[in-house]
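*Asks:* With chain C's structure known, arrange chain S on it following the hints.
This is what each chain is made of:
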Amino acid sequence: TQLLEQSPQFLSIQEGENLTVYCNSSSVFSSLQWYRQEPGEGPVLLVTVVTGGEVKKLKRLTFQFGDARKDSSLHITAAQPGDTGLYLCAGVTGGTSYGKLTFGQGTILTVHP
Amino acid sequence: DAGVTQSPTHLIKTRGQHVTLRCSPISGHKSVSWYQQVLGQGPQFIFQYYEKEERGRGNFPDRFSARQFPNYSSELNVNALLLGDSALYLCASSLWTGTNQPQHFGDGTRLSIL
Chain C
362 TQLLEQSPQF
372 LSIQEGENLT
382 VYCNSSSVFS
392 SLQWYRQEPG
402 EGPVLLVTVV
412 TGGEVKKLKR
422 LTFQFGDARK
432 DSSLHITAAQ
442 PGDTGLYLCA
452 GVTGGTSYGK
462 LTFGQGTILT
472 VHP
Chain S
8 DAGVTQSPTH
18 LIKTRGQHVT
28 LRCSPISGHK
38 SVSWYQQVLG
48 QGPQFIFQYY
58 EKEERGRGNF
68 PDRFSARQFP
78 NYSSELNVNA
88 LLLGDSALYL
98 CASSLWTGTN
108 QPQHFGDGTR
118 LSIL
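Which chain is which? The protein sequence lines are C and S, in order. Take the position in the first sequence, starting the count at 1, then add 361; the result is the number in this note's numbering. Take the position in the second sequence, starting the count at 1, then add 7; the result is the number in this note's numbering.
Incorrect hints may have been included.
Stated by the list, open to error - Computed footprint of chain S on chain C, listed as stretches where at least three residues anywhere in the stretch have a Cβ under 8 Å from a Cβ of chain S:
#1 397-408
#2 428-441
#3 463-474
Stated by the list, open to error - Only some residues are given here: those of chain S computed to face chain C with a beta carbon under 10 Å:
#4 S40
#5 Q48
#6 Y57
#7 N107
To be verified - Straight-line alpha carbon distances no greater than 20 Å define the calculated SDA-like cross-link-like pairs of lysine to any residue that follow:
#8 K418/C / P109/S
#9 K418/C / Q441/C
#10 K59/S / Y459/C
#11 K59/S / L18/S
#12 K431/C / G413/C
#13 K431/C / Q466/C
#14 K37/S / G455/C
#15 K37/S / L406/C
#16 K417/C / P109/S
Treat the hints as calculated values from the structure; they're not laboratory data. C-beta atoms are modelled at their ideal positions from N, C-alpha and C, and glycine is treated no differently.
Only chain C is shown next, with the shape it has when bound in the complex:
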């Protein structure tokens, strides 16, 4: 069974602070995705990282895929209240005929003004 461990589970910070969320597994994934989910809504894809060691930036968000494609991190610089939400990492497995997401348990981020 493939498992993704996310840490921390909860994060409560002040506006302007920086934070990092970690996603770790003992399994290798084809790629890894990060989602943000708000209450009452479905997850929204933020980024997909595919190559080991890959770094992608999305405004104040920086995503990194581990060299062995087993772990990833999300770093937010100068967090804002609008960043509040549930952040989920998801490992992608399968092939050309099948694609499955294995999600971590999520990190609930609260940014206080």
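*Replies:* Positioned in the frame of chain C, the structure of chain S alone reads:
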């Protein structure tokens, strides 16, 4: 373009009943996946369908079944409901199947079992 739409948005059932949840994918998307998200956890994969065929199944009992129709919409059926089936059920669609296809999620159906 409309996103993934799911119905109903909320549903209350009692133990032992059965339920049917519906999903309409984004226009042009041929693959639909179903996920269960229990409160406080990440979504868990239930099924993936493509061209009306089951392409993948997660670790769920046979009480869970699904199908995909010629118009690529999908239904998830759960029989003999248990209290533990209370969750948000998410549907995701993609153009076709495979690991390189980004999945687009609907807002889910919140199922409560009394």
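*Asks:* Run every hint past the structure and note whether it holds.
*Replies:* For each hint, the structure was consulted:
no.: 1; hint: 397-408; verdict: holds (count 6)
no.: 2; hint: 428-441; verdict: violated (count 0)
no.: 3; hint: 463-474; verdict: holds (count 5)
no.: 4; hint: S40; verdict: 8 Å, holds
no.: 5; hint: Q48; verdict: 5 Å, holds
no.: 6; hint: Y57; verdict: 8 Å, holds
no.: 7; hint: N107; verdict: 8 Å, holds
no.: 8; hint: K418/C / P109/S; verdict: 18 Å, holds
no.: 9; hint: K418/C / Q441/C; verdict: 17 Å, holds
no.: 10; hint: K59/S / Y459/C; verdict: 13 Å, holds
no.: 11; hint: K59/S / L18/S; verdict: 26 Å, violated
no.: 12; hint: K431/C / G413/C; verdict: 9 Å, holds
no.: 13; hint: K431/C / Q466/C; verdict: 16 Å, holds
no.: 14; hint: K37/S / G455/C; verdict: 17 Å, holds
no.: 15; hint: K37/S / L406/C; verdict: 19 Å, holds
no.: 16; hint: K417/C / P109/S; verdict: 16 Å, holds
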